[in-house]
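Make the full structure from the sequences, and use the hints.
Quick mapping for you: the protein sequence lines, in order, are chains A and B. Take the first sequence: its letter number 79 is residue 79 in this note's numbering, and every next letter is one higher. To convert, take the position in the second sequence, counting from 1, and add 124; that gives this note's numbering.
If you're looking for bench data, these hints aren't it; they were derived computationally from the structure. Worth double-checking, as some hints may not be accurate.
Stated by the list, open to error - Pulled from the structure, derived: some chain B residues nowhere near chain A, Cβ distances all over 10 Å:
1) Ser139
2) Lys185
3) Tyr260
4) Thr505
To be verified - Here are the in silico distance ranges between beta carbons for each label pair:
5) Asp91/A / Thr160/B: 34 to 42 Å
6) Pro369/B / Leu84/A: 50 to 58 Å
7) Gly605/B / Arg31/A: 54 to 62 Å
8) Glu101/A / Ser170/B: 23 to 31 Å
9) Gln85/A / Gln603/B: 43 to 51 Å
10) Leu84/A / Glu146/B: 43 to 51 Å
11) Pro77/A / Ile417/B: 29 to 37 Å
12) Ser96/A / Lys606/B: 46 to 54 Å
13) Thr160/B / Ser96/A: 37 to 45 Å
Glycine residues also receive a C-beta, built at the ideal position from the N, C-alpha and C atoms.
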Amino acid sequence: MDCERRWPDPKVIRARSESLGKVTFMSNISRDDVANLAKLARIDLSEEELNHLSKELSVILDAVARVQEVASADVPPTSHPLPLQNVFRVDEVRPSLTPNEALSGAPAQEEQRFKVPQILGEEQ
Amino acid sequence: MIKNSAVEMAKALNSKEISSVELTQAHLDQISKVDTDVHAFLHVDSEGALAQARDVDARRKAGEKLAPLAGVPLALKDVLVQKGIPTTCGSKMLEGWRPPYDSTVVSRLKDNGIIILGKTNMDEFAMGSSTENSAYGPTHNPWDLTRIPGGSGGGSSAALAAFEAPLAIGTDTGGSIRQPAAVTGTVGVKPTYGGVSRYGLVAFSSSLDQAGPCARTVLDAAYLHEAIGGYDRMDSTSINAPIPPVVEAAKNGNVKGMKIGVIKELQGDGYQPGVLKLFNQSLDLLASLGAEIVEVSCKYFDYALAAYYLIAPSECSSNLARFDAMRYGIRVGEGSAEEVMNATRQQGFGREVKRRIILGTYALSSGYYDAYYGSAQKVRTLISRDFEAAFSKADVLVSPTAPTTAFKIGEKANDPIAMYLNDIATIPTNLAGIGGMSIPAGLADEDGLPAGFQIMAPAMKDDRMYQVGSALEAALLSQWGKPILDNAPSLGAR
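Below, the structure is given as structure tokens:
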């Protein structure tokens, strides 16, 4: 993958940053940064994946950082397409899964419960 | 019979020319014949489909009044749960999982007597534009088996194009219904966000995900839309309003006096010349049918792709946290819960899913949240405003669905950014939550492969897409003299 490439490619979308404040944002994601993110995301990435992803993420982040060019303080954020606040329902008993159904996909179960590995370490 | 439209099949079922069992068996036979080559299906439920067909036949024989599509078979994207039927989302993470409940889409299909043939292949957890990211191997485009069928819903679109099913369900987070439709010469509709329940749809990016109908004709898609759409108390983001009159609109295709807005930013450089030529020919045709073509500018669309690739990974990093090896899915390794989680997610997730989870984790981490996710949310506002302004000048907006025809399998597999560009014209509608439809525009000069024409309508005005789509479809069909899929090579001849 060509790491010099910015996104969107100028050939694909006409450059249109004349009047907009130019934001230069050179992302440099190190192998250790990715290792930390992988720890947060609970994925045991291999050494090869860590190296590969740090290069890819730098390129992708450089490309997506363009959103900052137009995200001025006076623009409100949109988190969702529908203007919903809290949606409530009546608190009533309705048919639902039986314990056996709910447990049917569990990797391990015991006494109608999900059986999970030890959660706390020895020192905790 | 398998090459007919779903409406024609329904008519034959109604007049008892054919039974649902016969029709279902004919499609199962076609799957046996061609799916080794196409690989549209991850699971074929022959027994369940035939049992459902027998039930519909018995009810019809008993004189029961059935829904319009009762007895017609359908292919279901493997991201929607169906009770007791393997649901993998194209991921090793869920290999062997059989969901204990039906998604609302599946419940409604069953209520309508629509026969579910099986589950279709997809990019893992719907992340991709080529179906190459499936952990179970790629789907092949029936037009050329060396090419991609689009994605993430490439299994559904390929099943339609290979006549393995006349109807299919897809889901569209950034174009996963429409781009596959475009590159396979089929019809795909992303309804208004909230128009079809997400209950039982395995979440990728909850504020963008939307299930919708896939078919070979606009009218078939409309009937399927009505079957699955509408309010659902199990989805708090479901819109509590009547389904827009899509079937009526599809039956009365007409653009006379309508204003059709061409989005300046969704054409030009980067689009394949043959794709643009077909787009412009369709515009001429719409004008000849009495529509007024106006140009509109949506200047913030240039930022849509960047915003999408922050918002979708951010939401995915949160949504996919549920795959923790504790309640369902695979469990790998020994040791503490955290060690098991780490090992399971390493082994269960594929490359693209990991890439997006890590990207989303970064974009949501403190210190970067405002700069990335926060800014992307603001772009989302700007894009919605662009749409509002454009819809004040036009009844519907149009563009090519995808910038190119189907590319070769493997061609873009190592360049995520090139892959992401496939969705450049489809992503804005997901960000704004409005509807989008892709219909076949013809075959591109360069490669003889299908390209799509995209129609977008304001929120809950989905009927307008069907009205325009069906008018254009009829005009194109009379020009071509035969359905576009008649040009596809016949399969299974080996």
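Outcome of the hint check:
no.: 1; hint: Ser139; result: holds, 38 Å
no.: 2; hint: Lys185; result: holds, 31 Å
no.: 3; hint: Tyr260; result: holds, 19 Å
no.: 4; hint: Thr505; result: violated, 4 Å
no.: 5; hint: Asp91/A / Thr160/B: 34 to 42 Å; result: violated, 52 Å
no.: 6; hint: Pro369/B / Leu84/A: 50 to 58 Å; result: violated, 24 Å
no.: 7; hint: Gly605/B / Arg31/A: 54 to 62 Å; result: holds, 59 Å
no.: 8; hint: Glu101/A / Ser170/B: 23 to 31 Å; result: holds, 25 Å
no.: 9; hint: Gln85/A / Gln603/B: 43 to 51 Å; result: holds, 50 Å
no.: 10; hint: Leu84/A / Glu146/B: 43 to 51 Å; result: holds, 46 Å
no.: 11; hint: Pro77/A / Ile417/B: 29 to 37 Å; result: holds, 34 Å
no.: 12; hint: Ser96/A / Lys606/B: 46 to 54 Å; result: holds, 51 Å
no.: 13; hint: Thr160/B / Ser96/A: 37 to 45 Å; result: holds, 41 Å
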